[in-house]
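Number of protein chains: 2
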Amino acid sequence: MTDTRARLVDVTRDLVHAATYADVSVGDVCAAAGVNKGSLYHFFPSKQALGMAVLERNWELVRGLLDEAFDAEAPPLDRLDRFLAAYRAMMRAMRERFGAVPGCPLGNLASEVSAQDPQMRARLAEILAAWTERVALVVRDAQARGDVDPTLDPTAAARGVVACVQGLTVLAKADDDPAVLDTLPLLARRLLPAPPA
Amino acid sequence: MTDTRARLVDVTRDLVHAATYADVSVGDVCAAAGVNKGSLYHFFPSKQALGMAVLERNWELVRGLLDEAFDAEAPPLDRLDRFLAAYRAMMRAMRERFGAVPGCPLGNLASEVSAQDPQMRARLAEILAAWTERVALVVRDAQARGDVDPTLDPTAAARGVVACVQGLTVLAKADDDPAVLDTLPLLARRLLPAPPA
Numbered sequence: 001m002t003d004t005r006a007r008l009v010d011v012t013r014d015l016v017h018a019a020t021y022a023d024v025s026v027g028d029v030c031a032a033a034g035v036n037k038g039s040l041y042h043f044f045p046s047k048q049a050l051g052m053a054v055l056e057r058n059w060e061l062v063r064g065l066l067d068e069a070f071d072a073e074a075p076p077l078d079r080l081d082r083f084l085a086a087y088r089a090m091m092r093a094m095r096e097r098f099g100a101v102p103g104c105p106l107g108n109l110a111s112e113v114s115a116q117d118p119q120m121r122a123r124l125a126e127i128l129a130a131w132t133e134r135v136a137l138v139v140r141d142a143q144a145r146g147d148v149d150p151t152l153d154p155t156a157a158a159r160g161v162v163a164c165v166q167g168l169t170v171l172a173k174a175d176d177d178p179a180v181l182d183t184l185p186l187l188a189r190r191l192l193p194a195p196p197a
Numbered sequence: 001m002t003d004t005r006a007r008l009v010d011v012t013r014d015l016v017h018a019a020t021y022a023d024v025s026v027g028d029v030c031a032a033a034g035v036n037k038g039s040l041y042h043f044f045p046s047k048q049a050l051g052m053a054v055l056e057r058n059w060e061l062v063r064g065l066l067d068e069a070f071d072a073e074a075p076p077l078d079r080l081d082r083f084l085a086a087y088r089a090m091m092r093a094m095r096e097r098f099g100a101v102p103g104c105p106l107g108n109l110a111s112e113v114s115a116q117d118p119q120m121r122a123r124l125a126e127i128l129a130a131w132t133e134r135v136a137l138v139v140r141d142a143q144a145r146g147d148v149d150p151t152l153d154p155t156a157a158a159r160g161v162v163a164c165v166q167g168l169t170v171l172a173k174a175d176d177d178p179a180v181l182d183t184l185p186l187l188a189r190r191l192l193p194a195p196p197a
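So the protein lines, in turn, are chains A and B.
Counting in full-length UniProt numbering, the first sequence runs without a single skipped number right up to 197 at its last residue.
Counting in full-length UniProt numbering, the second sequence runs without a single skipped number right up to 197 at its last residue.
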């Protein structure tokens, strides 16, 4: 039963990635998963419930990249570079799998559903704030070591970095070229300048 | 006749802004515009043709903001600030009109259709490259005056600024708060640092 639930979420994620959330119907998910509608509605009473589960799974995956990069024994800005490298590797892997740069799993949904679905929007805002807060911790560590200008507001600076990740991903998607993301580490360093000499 | 064409494009833009491109059918457009399908198909043989016209109209509007800000008699980085102020004013006005931050008219479409529609993706890539090139001209002017580090690649630096605009707009949409964009001028300055002393 739990396997069916997880499979429905994974199938939905793939369908949404290859198209958009609006394009994917409950019927599409049932057909792709080989599950009847009764079973799906047992786990997810609505398409929105399924959408919320996709959101959580997407965040779990990005959070996994953040955990792995940020828990490493390395100077703070190197840990940020590790995350940016892992994110870029994820984009390249997704392009291999889907045949086109599908964009950020969280940014895509934020862009698509926020103006229409207050519940999904609110959860996306929480998730993006949590992502930003993770980066802000790195900024604080870097400031404590004297690697980053101590007058920067850590959360605002971190939001700039996350915005750059999101925006450059949109440009990479429009160009269908993951290499657009290669300047991310350089841009992140400019957004987190060293203390004035 | 030309009025009908322009009206169909404007009605479609509003419907897409309030929802998504996938959510809007040719029938929805006809109903909202008070036009029958025959008339619509006279101007637009397919939904994609209508989508391409919406794209052009959205670019025309953003290009208008760029023209107005960048043709001003002012130092280059002040011209960039003028554009960022005009963009933020547009987002606030769109929020008033639609009841929620609808996102960037071009970034939304890039995020939604790029992985599915090669023709729209190619045109979006051109438009975003043209936007970036406009910003790159400002960067070059600023470098010539000694306001920006001359070792920066102007196009790559400009792409960082456009990415920041796009990404912060995604975060503003998720937060449904245009004030998220208020840090744009500060972030743009960090992405375009002064020459080393």
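Hint data in this document are derived by calculation from the structure and do not stem from the laboratory.
Among these hints, one or two may not hold up.
Copies of the same chain look alike in the list, so a pair counts if it works inside one copy or between any two.
For lysine to any residue, the following SDA-like pairs were computed, each having C-alpha atoms within a straight-line distance of at most 25 angstroms [what the hints assert, rightly or not]:
1) K47 with D67
2) K47 with D78
3) K47 with D176
4) K37 with P150
5) K37 with L65
6) K47 with A22
7) K47 with E126
8) K47 with D28
9) K37 with A22
10) K37 with A18
11) K37 with A122
12) K47 with D175
13) K47 with T4
14) K47 with A122
15) K47 with F70
How the hints compare with the structure:
no.	hint	result
1	K47 with D67	neither (30 angstroms within a copy, 43 angstroms between copies)
2	K47 with D78	neither (40 angstroms within a copy, 47 angstroms between copies)
3	K47 with D176	between (29 angstroms within a copy, 22 angstroms between copies)
4	K37 with P150	neither (55 angstroms within a copy, 61 angstroms between copies)
5	K37 with L65	neither (34 angstroms within a copy, 49 angstroms between copies)
6	K47 with A22	both (10 angstroms within a copy, 16 angstroms between copies)
7	K47 with E126	within (21 angstroms within a copy, 35 angstroms between copies)
8	K47 with D28	both (11 angstroms within a copy, 22 angstroms between copies)
9	K37 with A22	both (18 angstroms within a copy, 23 angstroms between copies)
10	K37 with A18	within (22 angstroms within a copy, 30 angstroms between copies)
11	K37 with A122	neither (28 angstroms within a copy, 38 angstroms between copies)
12	K47 with D175	between (31 angstroms within a copy, 22 angstroms between copies)
13	K47 with T4	within (16 angstroms within a copy, 37 angstroms between copies)
14	K47 with A122	within (17 angstroms within a copy, 31 angstroms between copies)
15	K47 with F70	neither (34 angstroms within a copy, 45 angstroms between copies)
Checked against the numbered hints given earlier, this structure breaks hints 1, 2, 4, 5, 11 and 15; the rest are met.
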